[in-house]
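Model the full assembly from the supplied sequences, consistent with the hints where possible.
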Amino acid sequence: MSDSNARISDLVTSNDVVLFMKGTALFPQCGFSSRAVAILDHCGVAYESVDVLQDMEIRQGIKSFSDWPTIPQLYVKGEFVGGSDIMMEMFEAGELQQLLDESGVERVG
Amino acid sequence: MPMSAAAIEQAILAALPGATVELTDLAGDDDHWAATVTAPQFAGISRVAQHKLVYAAFGGRMGGELHALQVTTKVPT
Numbered sequence: 001m002s003d004s005n006a007r008i009s010d011l012v013t014s015n016d017v018v019l020f021m022k023g024t025a026l027f028p029q030c031g032f033s034s035r036a037v038a039i040l041d042h043c044g045v046a047y048e049s050v051d052v053l054q055d056m057e058i059r060q061g062i063k064s065f066s067d068w069p070t071i072p073q074l075y076v077k078g079e080f081v082g083g084s085d086i087m088m089e090m091f092e093a094g095e096l097q098q099l100l101d102e103s104g105v106e107r108v109g
Numbered sequence: 110m111p112m113s114a115a116a117i118e119q120a121i122l123a124a125l126p127g128a129t130v131e132l133t134d135l136a137g138d139d140d141h142w143a144a145t146v147t148a149p150q151f152a153g154i155s156r157v158a159q160h161k162l163v164y165a166a167f168g169g170r171m172g173g174e175l176h177a178l179q180v181t182t183k184v185p186t
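Protein sequences, first through last, are from chains A and B. With the working numbering as the guide, the letters of the first sequence map in order to residues 1 to 109. With the working numbering as the guide, the letters of the second sequence map in order to residues 110 to 186.
Check each hint, because a few of them may be wrong.
[Unchecked claim] Beta-carbon label-pair distances, calculated as ranges:
| hint | chain 1 | residue 1 | chain 2 | residue 2 | range |
| --- | --- | --- | --- | --- | --- |
| 1 | A | A46 | B | S113 | 23 to 33 Å |
| 2 | A | L53 | B | A115 | 15 to 25 Å |
| 3 | B | G137 | A | S103 | 33 to 43 Å |
| 4 | B | G168 | A | G31 | 16 to 26 Å |
| 5 | A | D3 | B | P149 | 33 to 43 Å |
| 6 | B | A116 | A | D67 | 19 to 29 Å |
| 7 | A | R107 | B | A114 | 35 to 45 Å |
[Said to hold, decoys possible] Derived BS3-like pairs (lysine-lysine); straight-line CA-CA distance at most 27 Å:
| hint | chain 1 | residue 1 | chain 2 | residue 2 |
| --- | --- | --- | --- | --- |
| 8 | A | K63 | B | K183 |
| 9 | B | K161 | A | K77 |
| 10 | B | K161 | A | K63 |
| 11 | A | K22 | B | K161 |
| 12 | A | K77 | A | K63 |
| 13 | A | K63 | A | K22 |
[Unchecked claim] Residues of chain A placed beyond 10 Å of chain B at every Cβ, according to the derived structure:
| hint | residue |
| --- | --- |
| 14 | T24 |
| 15 | K77 |
| 16 | E106 |
These aren't lab readings, by the way, just hints derived from the structure by calculation. Heads up, the beta-carbon is just placed ideally off N, CA and C, and yes, glycines get one too.
See below:
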């Protein structure tokens, strides 16, 4: 438990943008994760994705770490932003792009 | 065993009295739902906090028994 907390904490602090998801960015295994990947790709930012299906400890641990029951989960600069619904709402309002800009997140081609 | 639309609505209304709930069956399979929840309790709190209130309505069932619930939250105007 504290072990997975330490690992998650390390992941979200050593990467600007982290998406905890089911499957990989190339092959998402769930519609919600797929939507989260599409939104981040659309924003054109570099991000680290963590496939929770490959790691049971993280899969359980992330839910209590964030106090959030579902996956995907987005972290920017160590802060929990939300799941795919919130990502979509923020994206449509332009708030996600703004958050990424203000956080000085690296853009990719 | 997936949750029925009536059970989903009931759970949300029990947790957020005075809310209105609009459910859409996304896949036509009674298992993938979108809920638009408009509740006075959402006023002045963050999106994450709003969604947490909706998730809390389902106790531990969110992400398990209730696999797919897309949530949109609104403050009544």
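27 Å Cα cutoff - pair K161(B), K77(A): OK: K161(B) and K77(A) at ~21 Å, within 27 Å.
Just to be careful, I want the Cα atoms of K63(A) and K22(A) compared with a cutoff of 27 Å; is the pair within it? holds, 13 Å
Is it true that A46(A) and S113(B) lie within 23 to 33 Å of each other by Cβ? At roughly 42 Å between Cβ atoms, S113(B) and A46(A) fall outside 23 to 33 Å, so the hint is violated.
Beyond 10 Å on every Cβ pair: is that true for K77(A) relative to chain B? holds, 15 Å
Mind checking the hinted window 33 to 43 Å against the Cβ distance between G137(B) and S103(A)? Since G137(B) and S103(A) have Cβ atoms about 39 Å apart, the given range 33 to 43 Å holds.
Going straight from one Cα to the other, do K77(A) and K63(A) come out at no more than 27 Å? Answer holds: K77(A) to K63(A) is near 18 Å, not above 27 Å.
Cβ-Cβ distance between L53(A) and A115(B): within 15 to 25 Å? violated, 32 Å
Beyond 10 Å from every chain B Cβ: check whether that's true for E106(A). holds, 24 Å
K161(B) paired with K63(A) [C-alpha distance capped at 27 Å]: holds, 12 Å
Is 33 to 43 Å right for how far apart the beta carbons of D3(A) and P149(B) are? holds, 42 Å
Does the alpha-carbon distance linking K22(A) and K161(B) stay inside the 27 Å limit? holds, 21 Å
Assuming the hint says 35 to 45 Å, is it satisfied by the Cβ distance from R107(A) to A114(B) or not? holds, 42 Å
When each numbered hint is compared with the structure, violations occur for hints 1 and 2.
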